Amino acid sequence: MSKYSLTAFNSVYDGDAGVSIPFDEANTDYQAYLAWVAEGNTPNPYVQPPEPAPLTPQEKLAAAGLTVPELKALLGL
Amino acid sequence: MAATLQTSVIQATGSTTPNLTLDASGNATVGNTLVMGSSFKRNRIINGDMRVDQRRAGGALTPATNGDFLVDRFVFSGTQASKFFGGQNYNSVTPPAGFTSYAGLQCSTAYAVTASDFFGVIHRIEGLNTADLAWGTSSAKPVTLSFQVYSSLTGTFGGSLQNSASNRSYPFSYSIPVANTWTTINITIAGDTTGTWLATNGIGIQVFLGIGVGSTYSGAAGSWAATSYLSCTGATSVVGTAFATFYITGVQLEVGSVATPYERQIYSDQLAQCQRYYAVSNNLSPKGAASGSLAGLAAANNSIGTFWQYPVQMRATPTISIWQNGTQNRVRVTATGAVVTITTLTAASGGSYSTSSIIYDSGATPFTPGTSYDFDLIATAEL
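Residue numbers (the working numbering), protein chains in the order written: chain A, 1 to 77; chain B, 1001 to 1383.
In case anyone wonders, no lab produced these hints; they're calculated from the structure.
Values in this document were obtained by computation on a predicted structure and should not be read as measured data.
No residue lacks a Cβ here, since even glycine has one placed at the ideal position from N, Cα and C.
Don't take each hint at face value.
Not the full set, but computed from the structure, chain A residues with beta-carbon under 10 Å of chain B [claimed, not checked]:
| # | residue |
| --- | --- |
| 1 | SER2 |
| 2 | ALA17 |
| 3 | GLY18 |
| 4 | ILE21 |
| 5 | TRP36 |
| 6 | VAL37 |
| 7 | GLN48 |
| 8 | PRO49 |
| 9 | PRO50 |
| 10 | GLU51 |
| 11 | VAL68 |
Stretch-level coverage of chain B by chain A, calculated; a stretch enters the list once three of its residues show a Cβ under 8 Å from a Cβ in chain A [to be verified]:
| # | segment |
| --- | --- |
| 12 | 1176 to 1182 |
| 13 | 1305 to 1313 |
Sequences are here, hints too, so could you generate the full structure?
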């Protein structure tokens, strides 16, 4: 594992310091990152978060704040 | 022979009104515009009286680690770990008259510096605030550095001015004749007519006050050199004596060859100047309170939408850290108080004006969409 990890946006994460560093050449932390890369180091690649599991019909209903009887009444069933 | 001119009105030939009126109370009234050789904002040093300490509000650094800020804008530099304690008003000595604060360091473990060691206090001045000095040109203006210093040691001490690339430096020396007493130091330095001196939002001038500098970084005092000198040859090493102290305040760097009285600032103005380089969302608990000062709804299972406009425009797009109740990389579920750890923080920034608009946890999905989370942020754009 490298000290730095690429992220989804224009920034890197410094795992040692626990900070988000923007791609701004005036930022001294970014300057340090560029120097680290220039030394031949490679940051950890960005890891796409896993897709969330699809909601079940019950979860969708709960998210809508409806009960089954209310839904039936709404649909005239 | 000194003489005293006693008069109440000075009026130029051709003027129909007095240029300068003097009264018995010592007041001087200017009839029209007062034109100065330099600006009213004389001091290029920010927080020179050490009042602003956003990071610790007077808390001590035990130890002071390389890169730690003693107070805002004044950073400790040291090539060896665990040799100093320090902070704002460290050891609580009485500040010099007219001051309430100082930046203090005390050697915790005596150490004999090697050639490549250096210890000191650095103040980096932004190039936008030094461009008028015209350093690096034949029109380079002189500056005068003044400060109050207090040490348990006496003798010759040293420091330097440097450019951003550290390939131009001016070592200087000064004397502390009496131990444990505040001494006023005035040092006039000729402007550097060569070298590259940034006039941007990068480092314009670096002021270094040495407290133990090895021979590699020590040079003859009083002239410019094309290398990285941090102090003068033969300077006293504070780190060489266990429990030796070094305190400073009233630091001023101004155009010209004369040290004028320390330029006072309204506290809020001084704080705003510091916030260009370092800002916290929660000044009462910079590293996060139990209940965060900022909040946002999770827009997805790996992001929280939020907004924080910095107190002032920062020097550059800042580095962001996130805090909750003293712990880094943590947020709180507002409704339940449960805490959630962030493994990889991405703060999508609005540049140097406004803040991270999204907190993003790449590679994990710790958030519940639609749920409110609170936290505190720290933004850093130091030189």
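Against the structure, the hints:
{"no.": "1", "hint": "SER2", "verdict": "violated, 12 Å"}
{"no.": "2", "hint": "ALA17", "verdict": "holds, 7 Å"}
{"no.": "3", "hint": "GLY18", "verdict": "holds, 5 Å"}
{"no.": "4", "hint": "ILE21", "verdict": "holds, 5 Å"}
{"no.": "5", "hint": "TRP36", "verdict": "violated, 15 Å"}
{"no.": "6", "hint": "VAL37", "verdict": "violated, 17 Å"}
{"no.": "7", "hint": "GLN48", "verdict": "holds, 8 Å"}
{"no.": "8", "hint": "PRO49", "verdict": "holds, 4 Å"}
{"no.": "9", "hint": "PRO50", "verdict": "holds, 6 Å"}
{"no.": "10", "hint": "GLU51", "verdict": "holds, 9 Å"}
{"no.": "11", "hint": "VAL68", "verdict": "violated, 22 Å"}
{"no.": "12", "hint": "1176 to 1182", "verdict": "violated (count 0)"}
{"no.": "13", "hint": "1305 to 1313", "verdict": "violated (count 0)"}
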